[in-house]
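Engineer: Sequence:
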Amino acid sequence: MNGTESEEFFDVVDQDDLVIDKLVRSEVHRKKLRHRAVHVFLFRQDGCLLIHKRSDTKEEFPSVWTSSCSGHVSAGEDYDATAVRELSEELGIESAVDRLQKFAACDDTSHEFTMLYRCCSDAAVTPDPGEIADIQWMKRDAIQAWMMRSPDEFSPAFRLLFGWFIENFRIPESH
Numbered sequence: 030m031n032g033t034e035s036e037e038f039f040d041v042v043d044q045d046d047l048v049i050d051k052l053v054r055s056e057v058h059r060k061k062l063r064h065r066a067v068h069v070f071l072f073r074q075d076g077c078l079l080i081h082k083r084s085d086t087k088e089e090f091p092s093v094w095t096s097s098c099s100g101h102v103s104a105g106e107d108y109d110a111t112a113v114r115e116l117s118e119e120l121g122i123e124s125a126v127d128r129l130q131k132f133a134a135c136d137d138t139s140h141e142f143t144m145l146y147r148c149c150s151d152a153a154v155t156p157d158p159g160e161i162a163d164i165q166w167m168k169r170d171a172i173q174a175w176m177m178r179s180p181d182e183f184s185p186a187f188r189l190l191f192g193w194f195i196e197n198f199r200i201p202e203s204h
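Throughout the sequence shown, residue numbering follows my numbering, covering 30 to 204 in sequence.
Everything labelled a hint here was simulated from the structure, so no lab data went into it.
Remember, it's a predicted structure, so these values are computed and weren't measured experimentally.
Be aware that one or more of the hints could be misleading.
Below, a list of computed lysine-lysine pairs in the DSSO-like style, where the Cα atoms sit at most 27 Å apart [to be verified]: (1) 131 with 60; (2) 87 with 61; (3) 131 with 87; (4) 61 with 51; (5) 168 with 131; (6) 82 with 61; (7) 168 with 61; (8) 82 with 131; (9) 168 with 82; (10) 87 with 60; (11) 131 with 51; (12) 51 with 87.
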């Protein structure tokens with residue numbers, strides 16, 4: 030974590046996701062207070078989903094595989110703006126996103142109310158090396174098989190979100 034991140038402010042929210050306070054990131058995480066985050070699933074037209082391996086310098090869940098991109102909602106920012114910002118910052122993709130589902134804050138989401146988005150784009154990806162150690166484009170079945178063999182190689186939030194996604198959306202397979 031760098032000095033800039035430690036000074037970032039988050040909205041602290043109640044059980045209904047209503048803002049009740051504004052505190053610095055480190056305090057929110059240390060006290061395990063509810064706050065907000067987004068995850069984006071980036072798909073290519075062939076149905077492959079981009080997953081990324083988190084940098085080994087990340088504070089939480091270093092060196093594990095997770096959503097295409099994700100990030101905290103800063104104080105005063107909304108979910109939708111955060112999703113578009115994270116897609117641009119982490120992957121270099123400028124695109125609209127589709128809101129899919131909101132997940133309640135829980136242990137698997139690190140006490141974050143999490144909004145899941147989907148984006149479809151064949152644009153070239155430029156991963157942020159400070160956030161992302163590696164990327165893979167994979168078919169749903171391959172991710173599921175890998176997750177069954179080695180669940181600890183994936184973040185708890187990704188396991189939750191991906192599990193929900195495969196139950197609720199068909200990922201087009203190329204023919």
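Engineer: Take the hints in turn and mark each one as holding or not.
Structural biologist: Okay, the hints, checked on the actual structure:
1. Pair hint residue 131 plus residue 60 holds up; C-alpha atoms about 23 Å apart against a cutoff of 27 Å.
2. Among the hinted pairs, residue 87 with residue 61 is consistent with the structure: their alpha-carbon atoms are about 17 Å apart, no more than 27 Å.
3. Between residue 131 and residue 87 the CA atoms are separated by roughly 24 Å; this keeps the pair inside 27 Å, and the hint holds.
4. Taken as a hint, the residue 61 and residue 51 pair is honoured in the structure, with Cα atoms around 14 Å apart against an allowance of 27 Å.
5. Taken as a hint, the residue 168 and residue 131 pair is honoured in the structure, with Cα atoms around 24 Å apart against an allowance of 27 Å.
6. Straight-line distance between C-alpha atoms of residue 82 and residue 61 comes to about 24 Å, which keeps the hinted pair within the 27 Å bound.
7. Note on residue 168 and residue 61: the hinted pairing is violated, with a Cα-Cα distance of about 34 Å set against a maximum of 27 Å.
8. For the suggested pair residue 82 and residue 131, the alpha carbons sit about 23 Å apart, so the restraint of at most 27 Å is met.
9. A C-alpha spacing of about 16 Å is found between residue 168 and residue 82, which places the hinted pair at or below 27 Å, so the restraint holds.
10. Taking the CA atoms of residue 87 and residue 60, the gap is about 18 Å. The hint holds against a cut of 27 Å.
11. Proposed proximity of residue 131 and residue 51 is supported: the alpha carbons are some 21 Å apart, at most 27 Å.
12. Restraint check for residue 51 and residue 87: satisfied, since their Cα atoms lie roughly 23 Å apart, inside the 27 Å limit.
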